[in-house]
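Between the sequences and the hints, there should be enough to build the whole structure, so can you do that?
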Amino acid sequence: MKSRSTKLTLIFLLALAMTAFGCRSLRNRLSGNSSSDNTTANSTMTSSSDTTMQNNTPNNGNTSGVNPTTDVTGTPPTAGSNTGGTGTGNMTNNTNNDMNTPQNTAGTSGSMSNSLNTNNTSSTYGTSDSSTTTNSSMSSSSTTTDTTTNTSDTGTEGSQSRHHRRMRKD
Amino acid sequence: MIKRLTLPAVLLFAAASALALDASSMHLLNQAWPDVKSMHVSDIGRGVGVVFSPDLSVPGNCRFYQALGFACFQSANWEEILDEIHSHNLLYPERRIATLVLETHGTNGNGLKLQDSYDRNADRSYISVGALQERLEPEGIYFVIISACNSGRLLRPDIYNALDPYNGDKLFLPATCGIVNASAGFDSVHSPVMVITPSASHIETTLVGNVKELAPGARRAILESAQALWIRPPTEFAISDMMVEMLTRDAHLELAVNRYVDRLSREIQPQDRSEKNFSRFVRYVNAVAARQYPGSAKPAVTAHKKPATSKRPAAKNAPKSPAG
Chain A
0 MKSRSTKLTL IFLLALAMTA FGCRSLRNRL SGNSSSDNTT ANSTMTSSSD TTMQNNTPNN
60 GNTSGVNPTT DVTGTPPTAG SNTGGTGTGN MTNNTNNDMN TPQNTAGTSG SMSNSLNTNN
120 TSSTYGTSDS STTTNSSMSS SSTTTDTTTN TSDTGTEGSQ SRHHRRMRKD
Chain B
0 MIKRLTLPAV LLFAAASALA LDASSMHLLN QAWPDVKSMH VSDIGRGVGV VFSPDLSVPG
60 NCRFYQALGF ACFQSANWEE ILDEIHSHNL LYPERRIATL VLETHGTNGN GLKLQDSYDR
120 NADRSYISVG ALQERLEPEG IYFVIISACN SGRLLRPDIY NALDPYNGDK LFLPATCGIV
180 NASAGFDSVH SPVMVITPSA SHIETTLVGN VKELAPGARR AILESAQALW IRPPTEFAIS
240 DMMVEMLTRD AHLELAVNRY VDRLSREIQP QDRSEKNFSR FVRYVNAVAA RQYPGSAKPA
300 VTAHKKPATS KRPAAKNAPK SPAG
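Chains as they are written, first to last, in numbering that gives the first Met the number 0: chain A, 0 to 169; chain B, 0 to 323.
Source of the hints: derived by calculation from the structure; they are not laboratory data. C-beta atoms are modelled at their ideal positions from N, C-alpha and C, and glycine is treated no differently. Fair warning: there could be bad hints in the mix.
From the structure, some residues in chain A lie toward chain B, with a derived Cβ separation under 10 Å [to be verified]:
#1 T8
#2 F11
#3 L12
#4 T123
#5 H162
#6 R164
#7 R165
#8 R167
#9 K168
#10 D169
Between beta-carbon pairs, the in silico distance windows are [claimed, not checked]:
#11 A:R165 x B:P33: 41 to 49 Å
#12 A:T18 x B:R282: 55 to 63 Å
#13 A:H162 x B:G167: 16 to 24 Å
#14 B:D122 x A:R165: 22 to 30 Å
#15 B:D82 x A:H162: 31 to 39 Å
#16 A:R165 x B:H189: 38 to 46 Å
#17 B:G184 x A:R167: 14 to 22 Å
#18 A:L12 x B:S278: 14 to 22 Å
#19 A:R167 x B:R258: 19 to 27 Å
#20 A:R167 x B:R279: 14 to 22 Å
#21 A:R165 x B:S182: 18 to 26 Å
#22 B:S278 x A:L9: 57 to 65 Å
#23 B:S182 x A:H162: 39 to 47 Å
Written out as structure tokens, the structure reads:
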């Protein structure tokens, strides 16, 4: 009898825990956006932005630094800079991402850096000029943004171990 | 005692000869391509033209070289290339070229080859060294630097003026766009055009890089240069080991003028060496960009290493460069 009540208590506690914490992680896991998956999502975005970047180049120096393909619903490329003017640009970007991909709600800070990284790698020429200008208007998060920019730059520059495609001239 | 002295003497003599050779190579290179410390990224290739075989290039490659100040020509047809060089020096006197770097195939030293691909029916043409001298002299080009495989063999007397299309080499694919030879009466000995090749023949290689691998300052400089030229900003580029060695004045670079080699070489340097050259090229362009934008380049580097001290110079520089 005792064991039955213990079992019931355990089931109740488990159900409670699931409602409180489990559902979110389960939902995230099902949607493929766990904390470890964030990195994967990032790298996927980067590689896809590589391809798009070449398509973007005909825009003759479009340095907006926002990749249209990263936005699933097709938010215009200027969306980031428009919201940046309000001083809550990062948050608005996150909201955009949340709307498009619900799994990004897993961690606020994670999605912030996620969106920033996407911005940085989205355009070959996007990091130096326009991104910095936009970020400077957002005084509250400027430090974070600078760090992110530097990290991404040094990451690509110092990739000595990476092997480039080689062609023979025979 | 004498034996003891002989060994150092021999070593000293060998070192001196090596140094002299190196010095002569550098002297030669400085003649063809003066070692000017470029202050702008768009000045790196000033006065120098590059010819690319299409299959050794990448999309937008010429735009990259143009943004660096080079004149760039790319086609599988040598006649088209020669016409474009003529037009360039005629139409852009302020950007005239006197030196031409050939990023082409050497066909195992049997002819300078331009081609779209290795497909037998692809567009493809060949030119002899004598023909280059003959055709480039009227254009005011006095230095031709060949960055092709086994380039020393191209200067062999029997194929100097006229190539042998029946040489039996598998790489000598059908010349679908023709062979350019020197005219029958051409005297290469008295030609003022110097043909420069690496001293030792070997397999030359080219690496493909992305503009994103450059520092933000360098990317900005390339973007501005491209915009000034009304060309689309490049995304990719192909850079050869020899080009890097010339740009960075590498001590390993050994050049020769009008000297032919008979032996066919299969020697190829390891990929790591090419990767190191690539890194040197990136650093070189970044350094020029840092000179071009002295204010903006500093915080990017220092901010990463020393966040506390970086804020001060950034704050000092900020009012000076509002456009930055």
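Right, here's what the structure says about each hint:
The interface hint given for T8 of chain A is broken, as the beta carbon of that residue sits about 52 Å from the closest beta carbon of chain B, more than 10 Å. Annotation: F11 of chain A was flagged as interfacial toward chain B, and the flag is violated, the nearest CB pair being 50 Å apart, outside 10 Å. For L12 of chain A, the interface hint is violated, the least distance from its beta-carbon to any beta-carbon of chain B being 46 Å, above 10 Å. Interface restraint check for T123 of chain A: the shortest CB-CB distance to chain B comes to about 5 Å, inside 10 Å, so the restraint holds.
Against a cut-off of 10 Å between C-beta atoms, the interface hint on H162 of chain A holds, since the closest Cβ of chain B lies about 6 Å away. Hint status for R164 of chain A relative to chain B: holds, with the closest Cβ pair at about 4 Å, below 10 Å. For R165 of chain A, the shortest C-beta to C-beta distance to chain B is roughly 5 Å, which falls under 10 Å, so the interface hint holds. The interface hint given for R167 of chain A holds, since its Cβ lies 6 Å from the closest Cβ of chain B, which is under the 10 Å cut-off.
About 4 Å separates the beta-carbon of K168 of chain A from the nearest beta-carbon of chain B, less than 10 Å, and the hint is met. For D169 of chain A, the suggested interface contact is upheld, since its CB lies about 4 Å from the closest CB of chain B, less than 10 Å. The hinted range of 41 to 49 Å is not satisfied by R165 of chain A and P33 of chain B, whose Cβ atoms lie roughly 30 Å apart. Range check, T18 of chain A to R282 of chain B: about 57 Å between beta-carbon atoms, so the 55 to 63 Å window is met.
Distance hint for H162 of chain A and G167 of chain B: a CB-CB separation of about 34 Å, inconsistent with the stated range 16 to 24 Å. A hinted range of 22 to 30 Å holds for the C-beta pair D122 of chain B and R165 of chain A, which are about 23 Å apart. Distance hint check: the CB atoms of D82 of chain B and H162 of chain A are about 38 Å apart, consistent with the given range 31 to 39 Å. Between R165 of chain A and H189 of chain B, the C-beta spacing of about 40 Å keeps the proposed range 38 to 46 Å intact.
At about 36 Å, the CB distance of G184 of chain B to R167 of chain A disagrees with the hint of 14 to 22 Å. In this structure, L12 of chain A and S278 of chain B break the distance hint of 14 to 22 Å, their C-beta atoms being roughly 58 Å apart. A hinted range of 19 to 27 Å holds for the C-beta pair R167 of chain A and R258 of chain B, which are about 23 Å apart. Between R167 of chain A and R279 of chain B, the C-beta spacing of about 20 Å keeps the proposed range 14 to 22 Å intact.
In this structure the supplied range 18 to 26 Å is violated for R165 of chain A paired with S182 of chain B, their Cβ-Cβ distance being about 38 Å. One distance hint, 57 to 65 Å for the beta-carbon pair S278 of chain B and L9 of chain A, holds here, with the actual separation near 60 Å. At about 45 Å, the beta-carbon gap between S182 of chain B and H162 of chain A stays in the expected band of 39 to 47 Å.
Hint violations for this structure: numbers 1, 2, 3, 11, 13, 17, 18 and 21, all remaining hints satisfied.
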